[in-house]
Amino acid sequence: MNENKLYQMLVFFIIWLVVGLLLGLAFKEQTRIRTAELPSARLPDLARAYVQEKRSNAALEEEIRQLRQKINELENAFASGTKQAQVLAQSLQEAKMIAGLLDVEGPGIELILQDSKRRPQDGSPELLPELYTIHDYDLLRVVNELRQAGAEAISINGQRVVATTAIRCTGPVVFVNDVKMASPFTILAIGDPKTLKGALEMPGGALADLRSVDPKMVQLRVLDKVRISAYSGSTKFRYAQPAPPPQEVKP
Amino acid sequence: MIAVGLVGLLLGVVIAFVALDIPLPEEWAAYLSLAALAGLDTAFGGWRASLEGRFHSDVFVSGFIVNALLAALLAYLGDRIGVDLFLAAVVTLGGRMFLNLSLIRRYYLNQFALRRQRG
Chain U
589 MNENKLYQML VFFIIWLVVG LLLGLAFKEQ TRIRTAELPS ARLPDLARAY
639 VQEKRSNAAL EEEIRQLRQK INELENAFAS GTKQAQVLAQ SLQEAKMIAG
689 LLDVEGPGIE LILQDSKRRP QDGSPELLPE LYTIHDYDLL RVVNELRQAG
739 AEAISINGQR VVATTAIRCT GPVVFVNDVK MASPFTILAI GDPKTLKGAL
789 EMPGGALADL RSVDPKMVQL RVLDKVRISA YSGSTKFRYA QPAPPPQEVK
839 P
Chain G
551 MIAVGLVGLL LGVVIAFVAL DIPLPEEWAA YLSLAALAGL DTAFGGWRAS
601 LEGRFHSDVF VSGFIVNALL AALLAYLGDR IGVDLFLAAV VTLGGRMFLN
651 LSLIRRYYLN QFALRRQRG
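Note that the protein sequences, when read in sequence, are chains U and G.
Going by the working numbering, 812 is the number at position 224 of the first sequence; the sequence numbering is gapless.
Going by the working numbering, 631 is the number at position 81 of the second sequence; the sequence numbering is gapless.
By construction, these hints were calculated from the structure, which means they are not laboratory data.
One thing to keep in mind: the hints can contain errors.
Examples of chain U residues lying across from chain G (beta carbon under 7 Å, computed) [what the hints assert, rightly or not]:
| # | residue |
| --- | --- |
| 1 | L594 |
| 2 | Q596 |
| 3 | F600 |
| 4 | G608 |
| 5 | E733 |
Using N, Cα and C, we set each Cβ at its ideal position, and we do this for glycine too.
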């Protein structure tokens, strides 16, 4: 090999330069990825947007409440008119009762479900940490049991359970009517208090599992008078429309 | 020779940070890092070779390119077939870098000792 010393040096320099370029690029890229994964810079923006949305949400809910009140007033004015109108207004009132669009009160129960403060002891593998918290399925079982026992109105933490209500866990919180909530859950139900209580306390029933883990997770009270507020969410139907009566097929 | 290399390295890093702004896809980042590792390994190898007086530009340049490509290719292949093949490159290159560096260290220690004996 008859290589010029200067040439060697040049090659050496260029390779180290390229290595430096690669290292620098890699370093920059990794830094960029790391900062992209932690959106700490965007956190204040998100917080601001969240607060804004929450505020406008509250304003819209207030508007819904006011409009509903206005409808009620108009209906009452209408009802005080003719006999026909009175009948109409009455059936409207019934429909609204069923739909959960009216505040209602009556005898019933109050059930408070909350996460246990106890933790599974070491060395008891059958006791999973999931058992110590209230989940969507606990609420669903309770609601189902209450309905079976003839509950006429049910609410969870103030959210009226209506025909379109969904109860679902999303991470550590539960969404009821698209409203976020967490333990403790106060479930109010109107109906025959004895029947409701009996249905819930059935052996092997909705509350038995929770009580077997920690009795403090469940508090059940019978009340003479329970007040349950109306459903405050949207009642718009986007897809379903009233269908014409099915045509009879003549033989 | 080494001073030249270090100046090159420094210059490269500075250029990468200041002048170059290539928006690379995120999936490439891992391959880029591996290529940089392979390049570093070759550069150390070149340093050692130059100390031992066995430095050849063609070996050096081809080794640099092939190693960098192979490392990136291994990582890519590993990603495709679900085996962390890039570990092979990391272990091999990392091990060799330590080896080269230890030889370089010994060389300088020897030189130092020789100079002291003479002085």
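Tested hints:
no. : hint : result
1   : L594 : violated (10 Å)
2   : Q596 : holds (6 Å)
3   : F600 : holds (5 Å)
4   : G608 : holds (2 Å)
5   : E733 : violated (47 Å)
Hint violations for this structure: numbers 1, 5, all remaining hints satisfied.
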